[in-house]
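Q: Put the two chains together into one complex; each comes in its own frame, and the hints tell you how they fit.
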Amino acid sequence: MSLQASTQFAMKTCEKLGADEAEAFAQKQRTVEVVLERGEIQNERVKVHQGIGIRFIKNRKLGFAFSSDISKKNIQATCRNASVLSRTSISNPDWVSLSTPTKVPKVIGIYDKEVAAFNSEDVLRLAERAYKAVKEYDKRAFIDDGKFTVTSTEVAISNSHGIDLAEKNTFLFCYLICVAKEHGEVSSMAFEYEVARSVQFSPEKIGRSSAEKAVASLRPRATKSFKGKVILDPDPASTILLYPIIYSVNAENVQRRRSIWMNKLGEKVAAKQLSITDDGLLPNGIGSSSFDAEGVSRQKTQVISKGALKNFLYNSFTANKEKRKSTGNASRENYYMLPTVSASNFVVDSGKKKLDDILAEVEKGIIVRRFSGNIRPDSGEFSGIAKQASYIEKGEVKHALRETMISGNTFQALMNIIEIGSETRPTFLKTYAPPILLNNINIISK
Amino acid sequence: MLNVLSKCLEKSAADYVEMRNHRRESLTIVIKDGKVDALNNGAIEGVCVRVLVNKSWGLASTTILDRKNIEKALKEATSLAKASKPAKKREVNLAEVKSHKADYVTPMKRDPRKADKEELVRLVVDTDKEVRGFSKKIASDNISFSVVDDDLTFLSSEGAQISQRIVRCFGSVMVTAREKGNIASAYEGMGAQSGLEVLKKKPLNEVGKIAAERADKLVSAKVALGGVFPVILENKIVGLLAHEAVGHCAEADLVHSGSFLRDKIGKRVASGIVTLVDDGRFSDGLGTMMYDDEGVPTEKTVIIDKGVCQNFLHSRETAYDFGVKPTGNARAWDFEFDPIIRMRNTYIESGDYSLEELAEGIKEGYFLKGGLGGQADFTGEFMFGTQEAVRIKNGRLGESFRGVTICGNAFAVLKKVDAIGKNFIMRAGRCGKEQINYVGMGGASLRTELLLGGTK
Numbered sequence: 001m002s003l004q005a006s007t008q009f010a011m012k013t014c015e016k017l018g019a020d021e022a023e024a025f026a027q028k029q030r031t032v033e034v035v036l037e038r039g040e041i042q043n044e045r046v047k048v049h050q051g052i053g054i055r056f057i058k059n060r061k062l063g064f065a066f067s068s069d070i071s072k073k074n075i076q077a078t079c080r081n082a083s084v085l086s087r088t089s090i091s092n093p094d095w096v097s098l099s100t101p102t103k104v105p106k107v108i109g110i111y112d113k114e115v116a117a118f119n120s121e122d123v124l125r126l127a128e129r130a131y132k133a134v135k136e137y138d139k140r141a142f143i144d145d146g147k148f149t150v151t152s153t154e155v156a157i158s159n160s161h162g163i164d165l166a167e168k169n170t171f172l173f174c175y176l177i178c179v180a181k182e183h184g185e186v187s188s189m190a191f192e193y194e195v196a197r198s199v200q201f202s203p204e205k206i207g208r209s210s211a212e213k214a215v216a217s218l219r220p221r222a223t224k225s226f227k228g229k230v231i232l233d234p235d236p237a238s239t240i241l242l243y244p245i246i247y248s249v250n251a252e253n254v255q256r257r258r259s260i261w262m263n264k265l266g267e268k269v270a271a272k273q274l275s276i277t278d279d280g281l282l283p284n285g286i287g288s289s290s291f292d293a294e295g296v297s298r299q300k301t302q303v304i305s306k307g308a309l310k311n312f313l314y315n316s317f318t319a320n321k322e323k324r325k326s327t328g329n330a331s332r333e334n335y336y337m338l339p340t341v342s343a344s345n346f347v348v349d350s351g352k353k354k355l356d357d358i359l360a361e362v363e364k365g366i367i368v369r370r371f372s373g374n375i376r377p378d379s380g381e382f383s384g385i386a387k388q389a390s391y392i393e394k395g396e397v398k399h400a401l402r403e404t405m406i407s408g409n410t411f412q413a414l415m416n417i418i419e420i421g422s423e424t425r426p427t428f429l430k431t432y433a434p435p436i437l438l439n440n441i442n443i444i445s446k
Numbered sequence: 447m448l449n450v451l452s453k454c455l456e457k458s459a460a461d462y463v464e465m466r467n468h469r470r471e472s473l474t475i476v477i478k479d480g481k482v483d484a485l486n487n488g489a490i491e492g493v494c495v496r497v498l499v500n501k502s503w504g505l506a507s508t509t510i511l512d513r514k515n516i517e518k519a520l521k522e523a524t525s526l527a528k529a530s531k532p533a534k535k536r537e538v539n540l541a542e543v544k545s546h547k548a549d550y551v552t553p554m555k556r557d558p559r560k561a562d563k564e565e566l567v568r569l570v571v572d573t574d575k576e577v578r579g580f581s582k583k584i585a586s587d588n589i590s591f592s593v594v595d596d597d598l599t600f601l602s603s604e605g606a607q608i609s610q611r612i613v614r615c616f617g618s619v620m621v622t623a624r625e626k627g628n629i630a631s632a633y634e635g636m637g638a639q640s641g642l643e644v645l646k647k648k649p650l651n652e653v654g655k656i657a658a659e660r661a662d663k664l665v666s667a668k669v670a671l672g673g674v675f676p677v678i679l680e681n682k683i684v685g686l687l688a689h690e691a692v693g694h695c696a697e698a699d700l701v702h703s704g705s706f707l708r709d710k711i712g713k714r715v716a717s718g719i720v721t722l723v724d725d726g727r728f729s730d731g732l733g734t735m736m737y738d739d740e741g742v743p744t745e746k747t748v749i750i751d752k753g754v755c756q757n758f759l760h761s762r763e764t765a766y767d768f769g770v771k772p773t774g775n776a777r778a779w780d781f782e783f784d785p786i787i788r789m790r791n792t793y794i795e796s797g798d799y800s801l802e803e804l805a806e807g808i809k810e811g812y813f814l815k816g817g818l819g820g821q822a823d824f825t826g827e828f829m830f831g832t833q834e835a836v837r838i839k840n841g842r843l844g845e846s847f848r849g850v851t852i853c854g855n856a857f858a859v860l861k862k863v864d865a866i867g868k869n870f871i872m873r874a875g876r877c878g879k880e881q882i883n884y885v886g887m888g889g890a891s892l893r894t895e896l897l898l899g900g901t902k
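Chains as they are written, first to last, in the numbering used here: chain A, 1 to 446; chain B, 447 to 902.
Bound-form chain B, shown alone (with noise of 0.2 Å):
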């Protein structure tokens, strides 16, 4: 393939090329009810082509791999690229980079894709025995364990030439429960850029657990109530938090557009203690990437310093826009897209409180657990769901209630963090920003003020 590659690239008579060869493959165990769905295997591999002309990007795919289609696809992109360009007023320049030479592969003790089949479909299945198991109140269950093998070349007009294999494992478990024509469902997962080591560190029992125990408690629980409170945001969901309510906003497209932090480098905009980084090389991180997909190495950018904005994250085209360098978040989800501004691993740093500690300082309040889907727009006015809320009165952890959406202004909480705990987590997440992507989130459990969209 890589000979191919080389040969229509050198064919090409745009200003810069670029080829990204994609293959993924994945393995997924689906059990409904302690019923298996169907063994699923299979691959999906395809040729992107990405030209420059006359400062104009030009993009085409095609899942036909010989050397006319590809032909045909660095044609098309070319002539995209020319046609659009009357269309288009601002002109595309990229910032320089070295062009590398290299090779990854994910770092694996065990490694899936040679695991036993039927081992794998044994800790699906020994899994939805015990959640099943948990209590009679669980009425249905969807285990599912999978591993997605990306394998990525990326070679361009510049010389760049890097082969990079990542492998990902991924456990879900979705519960229902029902009592009393009351239902309830909870969902936890795990996922790493791992070996199936990760097991060992996140047994899929034990997330089945969680999520059992939770659907459980829930199905009799009311609704928590609405309006601002004093909250703690437990270790799990605080990766959302500087994912969805921070991270987006410092994605150099978005900040282009005026998003909040366009004029806030160099400015306070959060409480002293909160430092806030995306990494593109932490460690069984699911956004980790030694080189993004326009060939730049990735790196640990810090985009919130002890509550000082300090960088964005940048592709090739913005980073040239800023004057600064690229920080390797260029990122797609596949063959079919052209790398756009992503984040890889996105946290807050850890403090040193414990749980008891954060809850003291709360008269009236909730422990929030347990993280559903999210949005914010470049405003910072962001929103995501919890699964559980905790009530905290004088300091005291009590009854548990059904979770809500909750709402505020990124920089107005952040703000108003005054407390982070110890218990950091690396989670695994997908992001949705015209097309997905794998990122990982983290943190600590933290202390601060929102809008939680509760009942009246």
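For reference, chain A alone in the conformation it holds in the complex (with noise of 0.2 Å):
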């Protein structure tokens, strides 16, 4: 049975049920790792996982069951599941539908027939060539460890309102973490990685920028704390701004008044510099697919323009609450989870300079290329280790620091944006981020 065909006779399965509603979420994935260790390949792993998620809803009660068998047998059996747990539940007040059939577009760049068919030789092959480059960069730096994963995933959604979609998608994550040695001194380890729908990227770059950043992390020096600019990579910028943006702009977390920006639509939250644009449909976008995770057609959400808050992101139960659309940001990370609400491909318009230029006109602050910290997307309080971080002083880079914190909040700092990059990157956390130099953080040193 195709995985169409098992979400599709799950449906049936419900309605003979006496659903109310019903929807069935299958995935089937395969995933090729490579493991590094200790400097060397360590181990490779072929994975083959599937399964379905039952969502039952009766009387506004909602049930939901999943299973990795999907014989006919099994699905009827988790269908039942669901239909018992639905009526163990209590109903709630605030549910209105599923979602209901919209027109689906069709996205470039997603499914990459040569990566599907990758097996583990192909795989180590990237492995090795990234393993190599760092042997070349500089013989201090050596790989603790790493692994290149590539995944080739198939998913099909049905619901009981006429939803019955498929797609397939491929999706490749590489990192490695090198330290550097030298005369008995261990610097501390410094992550680089790449994500992507194909293999456009240059494993070689991944081995030679985690080799850089480890050997420009020896010997630190501690500076005296004070309150400054502070240059963030595209990672960190990623983490301590957008992560807190993107908790902000859940219309779960307005409608719930978990967010800081629940009443500020319209409203400046930023600096000009910044506007932000969540697109579900970016050609070849890490976080891209015709449809959401409830079937509804994705699309391009203006989320920040020049500074100010213009749209929140739905899935189809906050935007029924709202009597609006869903914006198609439903997000399941597995057929076992329930859909939430998350970002797609969480875009950072581009600035005008290069990350050098920015760097150049810094009289005195630090860059930071790696944040090990906290930080509450609620409130935007952040704090935590500087990793790979440089003193700048008179728009050089004077030195490496040592055991040095940056702490401040997201929603200020927000505010306090000088320079937005042009280098502009994906990350793992599915946005596009470019290097962003912030005023006003406050850099603590023992």
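It cannot be assumed that every hint is accurate.
No more than 25 Å apart at the CA atoms, straight line, and that leaves these computed lysine-lysine pairs for DSS-like [as the list claims (entries may be wrong)]: (1) B:Lys902 to A:Lys224; (2) A:Lys352 to A:Lys58; (3) B:Lys547 to A:Lys205; (4) A:Lys58 to A:Lys16; (5) A:Lys139 to B:Lys535; (6) A:Lys205 to B:Lys534; (7) B:Lys746 to B:Lys839; (8) B:Lys547 to B:Lys453; (9) A:Lys132 to B:Lys839.
For the record, the hints were derived by calculation from the structure and aren't laboratory data.
A: Structure follows, in structure tokens:
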């Protein structure tokens, strides 16, 4: 039975069981993984998994059951389980309806036939190219660990309102963690990665860049604590600045009064340099698909325009609550999870200046290339260690920093953006982020 | 299933084969702002095959559980092991162990799998009511309770045959408070490898109350100051220190890579009052198993004894390399992963100070409460978040501030531990190291010195 045939079969079963509404979401995934550890190829894995998740609604009571067994007999049992669960549950007065069919566009570049056919040797070759690049970059650099993961996924979704869709995608996530060793000193762990739909990136670049970051963090020195300028690389910019934005424009958080921006549509929430679009249809986008996890067509939604808050992101539940249309932002990590609201591709408009030019204009500050800390996405407080961070004086990188922390508030920091860089890259939070220069950040040292 | 696995095992031409069948069933009840999200129940099941061919590992897994697909996985694992051999420099040797035949089930007084689901729904509903009724400032809450039932079978070509049925219960409460445009949230959880009797020891509504109280209090609070301060770490977060700061450095794979502890066996690495243990059999511990996922019996491993580094945590492979006995620390999250070295229940042994006595020694510092996520480098530099920082002035507890992330070098911090409390507690945690896993983290409140990432 094809994946789509299994979701269709589940719908028929739920109908017979007397569901008011029902939805089946099935997923089949093949993963090939090469694990590097202690500077060597350590392990390889081929993983095949599949499963189905059923939402069963009766009298506004919701049951959800899942199983990794998608045989006919077991799909029937899973539907029965969902039906029993819905009876045990308590009705949700906010429940309106599952999603209804929309016109689904075609998105390009999310499935690569070549990648889908990758075997372990192909993935091994990618890992070896990165591995070699580390060695060639600098003798002091060593790989601590890394993983090259290639997945090929098929999803199918059917619901009782006539949604009946299927799609395939491929995904690559490759990372390396390097350390540099010199005269008995071991640097902090430097992290570099790529996320992509096809092999459009250079594995050598992952190797070179992680080695470069590790070597650059050798011989760290402390600096005195001060409040001032911080350049965030795309990855820390994404975790410190974009993660709380994604949380705050999530309609569920807005409706549940957990978003600091709940009454701020149209208001200025960031410096005018900042514009962000959630683009579910971005060609080759790591978060792209033609429909979301509830079968609603993906779309482009302007979230922030020149610093002003424009729109929130909705799935069908939150959209129904406000009697409006879903923005196609339902997502589920897996068939055994219920759909939630999340960003698709969260794209920051790039600025004009290159990172080097931004750095050249910093009189005194630091650059942070990895952030190891905690961020409270609701209130915006962040604090943590600035990893692979360097001290900048008079437009030049002076030295690596030791045991230096940064702290502040994301929502204040957004108002204090001085410059947005031009070099945007995909991050594993499914954002497309450039480097960002901030002012007034606490830089704390011993 | 056992039969199918045994038959496949016999067929293999590899030097060594492990087969793990893992079925994980879960039941989850989530309430958001008084409304039931969905009752959620289901199971995932798969088989993982790991083989050793010419001293090279290969691994494959499948959720399609007929003989044909399991044999295919076995073939795939074997060819992976062969294909990657030329790229691997290091040879895999396994420390010898006795092949066990055993059966283990989590001791339970009230089996949560047989509990009335309506009763569990009521438990969550009642907690939600208490939390939202705590004060007008409470804007939103998420209450969840779940039961996770792991059914594990381990077979090896050396003749091991081990069944383990591990049942864990979890509760969590997230509360958001709002006042005058300010927002603060708090999180509190409970969990144990146990039946529902755990709810008598740690009632879910008490968990809810702690979170509600904290969010309510912190919504109008400022952020703590930044810099180096003497601190008391609350018992609930001392386990994070044991786990993040020290435990990872004692994992033999990281020791091999050059972690801080690499040359420290027999040497002083902490203050003389610090004894730090990773225990695979701690009663009710979230990380407790009788056998690890390589079929090795678990044990209580003393990492630091009265300040002196004694042991590392091992798999069969690292035990061979180090010439020691495996400690039973090879654990896999599910059937998609190979067992790697993981902690189980890691804790610092308690002392005899009361909270007041711990505070007495501090002129200007903080009492840090409530844990958030943490990370560590193998150099010993670690960080983890705290939710609340209570100011200490001249030995007295005062005003509450919003918590901040703390950091330091684990061993510098451990050397500064000068007093340990008597209020020992074992907490439920999850750790991510390439794959996640359930761990226990424990300890009693203690006094040390740390860098706080607060305001300037």
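Q: If a hint holds in the structure, say so; if it doesn't, say that too.
A: Against the structure, the hints:
1. Distance hint between Lys902 (chain B) and Lys224 (chain A) is fulfilled; the C-alpha atoms sit about 11 Å from each other, no more than 25 Å.
2. A C-alpha spacing of about 54 Å is found between Lys352 (chain A) and Lys58 (chain A), which places the hinted pair above 25 Å, so the restraint is violated.
3. Proposed proximity of Lys547 (chain B) and Lys205 (chain A) is contradicted: the alpha carbons are some 49 Å apart, above 25 Å.
4. As the CA atoms of Lys58 (chain A) and Lys16 (chain A) are separated by approximately 13 Å, the hinted pair is consistent with the 25 Å bound.
5. Using a Cα cut-off of 25 Å, the hinted pair Lys139 (chain A) and Lys535 (chain B) holds, with the two alpha carbons roughly 18 Å apart.
6. Taking the CA atoms of Lys205 (chain A) and Lys534 (chain B), the gap is near 22 Å; set against the 25 Å cutoff, the hint holds.
7. Proposed proximity of Lys746 (chain B) and Lys839 (chain B) is contradicted: the alpha carbons are some 39 Å apart, above 25 Å.
8. In summary, the hint linking Lys547 (chain B) to Lys453 (chain B) is supported, as the alpha carbons are separated by about 17 Å, within the 25 Å threshold.
9. Between the alpha carbons of Lys132 (chain A) and Lys839 (chain B) the distance comes to roughly 55 Å, so the proposed pair goes past 25 Å and is violated.
Hints 2, 3, 7, 9, counting from the list given before, are not met by this structure.
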